[in-house]
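Participant: Chain by chain, the residues run as shown.
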Amino acid sequence: MANFLVWVVWFGAAFACLVSALAVVSFRNPFYSALALIGNLASLAVLFLLLSGEFVAAGQVLVYGGAVMVMFLFVIAYLGDKSEESPWSGGPSWQVVGAVLAGGAILAEVIVVVGLKAGDFLSSPHHVGRAFGSPASVGRLFLTDHLLAFEVTSIVLLVAAVGGVVLGSHARRTEEPSLESRARA
Amino acid sequence: MHGPDIQWYVILSALLFSTGALGVMLRRSPLIILLSVEIMLNAANLLLIAFSRLHGREDGQIFAISVMAVAASEVVVGLGLIVALGRRNVELDVDKLRTLRG
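Protein chains in written order, with the working numbering: chain W, 1 to 185; chain E, 186 to 287.
Since the hints were made in silico from the structure, they are not lab data. Careful, some of the hints might be misleading.
What the hints assert, rightly or not - Computed, partial: chain W to chain E, Cβ under 10 Å: (1) V25; (2) L41; (3) S52; (4) V56; (5) Y78; (6) I111; (7) L116; (8) F132; (9) F150; (10) L157.
Remember, it's a predicted structure, so these values are computed and weren't measured experimentally. Cβ coordinates follow ideal geometry from the N, Cα and C atoms, glycine included.
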């Protein structure tokens with residue numbers, strides 16, 4: 001019974017995941033696309049919970065669904081209405097056909113590789129304890145075995161923050177003289 | 186593992202990844218291209234966590250968290266670029282952005 005319930009939750013989350021991903025790709029308005037991506041991230045968090053990745057699921061909702069997507073929505077609102085044509089409108093162009101073929105090729109490659117090569121290697125999952133994926137055990141791994149990854153991640157975040165500041169201040173510096181010259185004229 | 190085997194996760198992740206790749210190739214708005222890149226990164230994350238569960242080791246989850254941090258920094262830089270473009274009143278269309286010169 002519990003197994004059946006897991007399958008039901010899995011199919012619900014997987015379906016929501018795929019539908020919202022397609023919605024992100026096909027909505028005309030970027031604002032709706034960003035909202036659909038929040039749904040996608042939330043259903044992925046459900047899948048992470050099924051895989052006993054509790055800490056990653058919480059991080060997904062907090063960091064992705066919260067912080068990153070709020071930043072996206074702010075920028076989209078700041079830029080105003082930037083709707084474009086739906087990619088499916090206006091008949092099949094060579095670009096659309098090529099993109100669909102390339103996407104299908106990636107999909108077929110992965111499925112063929114998994115089906116032919118992986119086969120039986122993948123069907124014996126290990127049993128894991130209750131602490132698997134908890135914040136305590138993930139944190140312990142982060143500070144022991146993967147300390148280098150932890151430090152590198154912090155440097156990446158620092159560089160990205162500096163880059164964001166530089167991009168923002170550069171845009172302002174080049175904007176001001178044009179305003180002054182316009183006022184002088 | 187109760188419920189679906191790893192194959193189901195691999196197929197779902199492949200579907201998600203190709204959807205994201207389709208978005209990157211089809212759309213012209215850099216905002217939606219960034220959102221599609223997020224979908225692709227999340228497909229990779231799903232696979233990392235699925236295999237981490239399969240092998241009963243948490244290293245994959247560590248890697249998934251690192252991917253999340255990389256995605257966050259990518260969004261910061263990408264949105265910074267888009268805002269800089271928007272301030273210059275450049276049309277947000279990657280087919281028409283031909284110069285990167287400041």
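Participant: Indicate, hint by hint, whether the structure satisfies it.
Facilitator: Verification of the hints:
no.	hint	result
1	V25	holds (4 Å)
2	L41	holds (7 Å)
3	S52	holds (6 Å)
4	V56	holds (5 Å)
5	Y78	holds (7 Å)
6	I111	holds (6 Å)
7	L116	violated (12 Å)
8	F132	holds (7 Å)
9	F150	holds (8 Å)
10	L157	holds (6 Å)
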